[in-house]
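Chemist: Chains B and H, in that order, give the protein sequences.
For the first sequence, this note's numbering begins at 1 and goes up steadily by one.
For the second sequence, this note's numbering begins at 1 and goes up steadily by one.
There's no promise every hint is true.
Below, in silico cross-link-like pairs of lysine-lysine (DSBU-like), each with a Cα-Cα straight-line distance of 35 Å or less [as the list claims (entries may be wrong)]:
hint: 1; chain 1: B; residue 1: 329; chain 2: H; residue 2: 271
hint: 2; chain 1: B; residue 1: 288; chain 2: H; residue 2: 141
hint: 3; chain 1: B; residue 1: 303; chain 2: H; residue 2: 303
hint: 4; chain 1: H; residue 1: 190; chain 2: B; residue 2: 271
hint: 5; chain 1: B; residue 1: 102; chain 2: B; residue 2: 271
hint: 6; chain 1: H; residue 1: 329; chain 2: B; residue 2: 190
hint: 7; chain 1: B; residue 1: 96; chain 2: B; residue 2: 329
hint: 8; chain 1: B; residue 1: 241; chain 2: B; residue 2: 288
hint: 9; chain 1: H; residue 1: 329; chain 2: B; residue 2: 303
hint: 10; chain 1: H; residue 1: 288; chain 2: B; residue 2: 241
hint: 11; chain 1: H; residue 1: 271; chain 2: B; residue 2: 271
hint: 12; chain 1: H; residue 1: 271; chain 2: B; residue 2: 190
hint: 13; chain 1: B; residue 1: 240; chain 2: B; residue 2: 369
hint: 14; chain 1: B; residue 1: 288; chain 2: H; residue 2: 190
hint: 15; chain 1: H; residue 1: 241; chain 2: B; residue 2: 288
hint: 16; chain 1: H; residue 1: 241; chain 2: H; residue 2: 141
hint: 17; chain 1: H; residue 1: 303; chain 2: B; residue 2: 288
hint: 18; chain 1: H; residue 1: 288; chain 2: B; residue 2: 240
I should point out that these hints are in silico values taken from the structure, not numbers from a laboratory.
Take a look at the letters that make up each chain.
There are 2 protein chains.
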Amino acid sequence: MTVPLTNTAPSPAHDSSGEISSASDGGVGLVQTQYRTLFAPPHPLVLECGQQIGPITVAYETYGELSPERDNALFVCHALTGDAHLAGRHSADDRKPGWWDKFVGPGRGLDPTKYFIICANVLGGCQGTTGPISINPETGKPYGLALPVLTVGDMVTVHQELVRSLGIEKLLAVIGGSLGGMQALEWVAKFPDAMHAVICLAAAANLSAQGIAFNAVGRRAIMVDPNFQDGDYYSADGPKKYGEEGPRYGLALARMIAHITYLSEVSIERKFGRRLQNSDHLAYELQKETEFQIESYLHYQGKRFIERFDANSYLYLIRAMDYFDMAAKYGSLEQALGQTNARFLITSYNTDWLFPSSQSREIVAALVKTGRHVSYLELSSVFGHDSFLLEIEQLEELVIPFLSETLRQSRKH
Amino acid sequence: MTVPLTNTAPSPAHDSSGEISSASDGGVGLVQTQYRTLFAPPHPLVLECGQQIGPITVAYETYGELSPERDNALFVCHALTGDAHLAGRHSADDRKPGWWDKFVGPGRGLDPTKYFIICANVLGGCQGTTGPISINPETGKPYGLALPVLTVGDMVTVHQELVRSLGIEKLLAVIGGSLGGMQALEWVAKFPDAMHAVICLAAAANLSAQGIAFNAVGRRAIMVDPNFQDGDYYSADGPKKYGEEGPRYGLALARMIAHITYLSEVSIERKFGRRLQNSDHLAYELQKETEFQIESYLHYQGKRFIERFDANSYLYLIRAMDYFDMAAKYGSLEQALGQTNARFLITSYNTDWLFPSSQSREIVAALVKTGRHVSYLELSSVFGHDSFLLEIEQLEELVIPFLSETLRQSRKH
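All chains, please: the whole structure from these sequences, using the hints.
Modeler: Here is the structure:
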């Protein structure tokens, strides 16, 4: 098996040069998304629901170089609406870098001069990996809702196969926040020997009833949009650009609801409070949707989201979150997490009410009960659930030494 | 001015008899909604937005008898989707009693053998008081969105006029929770001499940014429903029964979102958790909206709501909540609340995240700073924002002596 060329040529030293410096931000510079086909006939993926799909295309990016011993690979699992584009830019005039760009780069939390970092779009996603917008080989048309229901376990199985296909026998660590943290937990439960460490941020071993409730409203908003058409909204000559067809209003609404749950009461109060958007006095217009700054902001978030996301894909991914329940699947949390020798770093955030600290403590308790090695911190931040994406320095202080020590220990054996 | 007959004939003793015993529940028995026309030409109500409306019909109910001194009147302000039907039943075969039935009755928190209790549907509502579904005298058709934007101040002005028209010079107390608590606060700010006491439960002196955010999503859900038609959805021969026309999906969605905010994380976890609705295993159906009990429950709540509420009315009332900001209106909370000699009883609930205790403490601080008489308690309950409706005994222990003492003091003067 061939070790693939990496997309980036990270500087050997921390001072940026070459492609990295071209971004002038100390990050990873220019990157390209790669694609790999897995589960091709006659070996389709048997999903946890019992149905099969294949072949599966996986979109992924890598940063840094795999060591000759192939022992320095990190896999980053993205959250609900993330994608393979973890860091860097796709072209020099790219407007925005990858979703966790500030955390990835020489000297940063995930350092491509030390590690070979992989990030892939999840199964069911809409940024290159097989999902409802992909062509169903049996019909020549997009799957739409003909794609079977997917689970976090299915996503992880696909990523594990990607890792294997890249010639990596054991990852140094799997890292993720939110749905990404759920994937990290599921990965170590399903493949206990697949990694030396797990870093799980702002996540949980199951989605809370409140989380299911918010997803239920988002799902409903999409499904009652007349343009949803039972998911069969792609035009006959192939899907259009996101935002140009399908349940735009419903998807934007779903995003608005979800976005509120990502913010904390404190951050929303500080950032917006009751400030008006364009005036110093009330408009007294019933239908005005941009009277308050927070309204404008939510509508803007909804609008931006539909330009980059597929509504069917959103339905698949939130359903996978709803279904995620490690104790139910493995008998108990102890059974799920007690089979591995991986080290765990777990963080929660004091203002995160979507994935509250109590849920991280359940994971920690199960790990301690089964004698696993776990470090847990409830971190302080005003940013609510989004903290894991925003509190970069706080996280680096933990992740950098945790990964170094994991690498040192793994090389001792 | 004539003191109207009361609807109920409460037993003089605590042991139920006559109409009260006919309900067999120790409550107020049979009641009838009454109607009064106010602000008739040439004296329309000048709204806070600057526009005028009139005449205004007010639907109200009363329980107990006004004392000869007219000094025992309590006014209960209902919350967002409440109405004038506070307690009792409209007929012997009425399926459900009024919305706070358990709190009203002989020996209960609000005792009709001692007090004359008034409850009225708010301006902009849809249960008998003038609102968007009422006939606009200028067109002969329902107002729809031709009704000007209404504020909590406007609601209170109408209620104050109703009280005056009933021959009551000064209320013993104004009582309300949530939007009802906002009305109570606004009432004492706008009419500082209109009552001897204010009881304000689970409320705030302004709606938080997070509250505006949830309202913005509910508003959007209604407005993008194709059946909303800019609020012009009433059939030509007059409005149909609720639930038979208009933005049903949008209104149900708005209710589902709001309903989540009324529950606490604890109560939703205890009541539903991750339990499935009809099965012991996952259905693996993407579009199934009743897989989890919490989903079924929310859909049921949405469905029930549209059968009893008008979507336009909902838009008016949530806008009034958005706009509510006493400090902005009166210069400061101290100026708003410092003009009265009324006594205050204020409660918040430890699991209420929609109107958190911090917002009640702001009110208390302003009252203390201006030398007012205020008692404040943060009460423990698992029920979140709904606690004020559900924790009856806890509330009675405070309200019964508070009202007795208020009556005693008011009669001393």
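Chemist: Does the structure keep residue 288 of chain B and residue 141 of chain H at a Cα separation of 35 Å or less?
Modeler: Between residue 288 of chain B and residue 141 of chain H the Cα gap is close to 24 Å, so the pair holds against 35 Å.
Chemist: With a cut-off of 35 Å on the C-alpha distance, tell me whether residue 240 of chain B and residue 369 of chain B pass.
Modeler: Distance ~51 Å between residue 240 of chain B and residue 369 of chain B Cα, so the pair is violated.
Chemist: Take a quick look at whether residue 271 of chain H and residue 190 of chain B sit within 35 Å of each other, Cα to Cα.
Modeler: The hint holds at about 31 Å.
Chemist: Quickly compare the C-alpha distance for residue 241 of chain H and residue 288 of chain B to 35 Å and report which way the hint goes.
Modeler: holds (28 Å)
Chemist: Keeping to a limit of 35 Å between CA atoms, is the pair of residue 96 of chain B and residue 329 of chain B held or broken?
Modeler: Status violated; Cα separation ~39 Å.
Chemist: Are the Cα atoms of residue 241 of chain B and residue 288 of chain B separated by 35 Å or less?
Modeler: holds (29 Å)
Chemist: Starting from residue 329 of chain B, check that the Cα of residue 271 of chain H is at most 35 Å away, please.
Modeler: holds (22 Å)
Chemist: With the threshold set at 35 Å, check whether the alpha-carbon distance from residue 241 of chain H to residue 141 of chain H stays at or below it.
Modeler: The given pair, whose Cα atoms are some 16 Å apart, holds under the 35 Å limit.
Chemist: Would the hint linking residue 303 of chain B and residue 303 of chain H be met if the CA-CA limit is 35 Å?
Modeler: Roughly 28 Å separates the two Cα atoms, so the pair holds.
Chemist: For a C-alpha distance cap of 35 Å, please report whether residue 329 of chain H and residue 190 of chain B respect it.
Modeler: violated (59 Å)
Chemist: Would you mind confirming whether the straight-line C-alpha gap from residue 190 of chain H to residue 271 of chain B stays at or under 35 Å?
Modeler: Distance ~31 Å between residue 190 of chain H and residue 271 of chain B Cα, so the pair holds.
Chemist: Holds or violated: residue 288 of chain H with residue 241 of chain B, Cα cutoff 35 Å?
Modeler: holds (28 Å)
In summary, the structure is inconsistent with hints 6, 7, 13 from the numbered list given earlier, while agreeing with the others.
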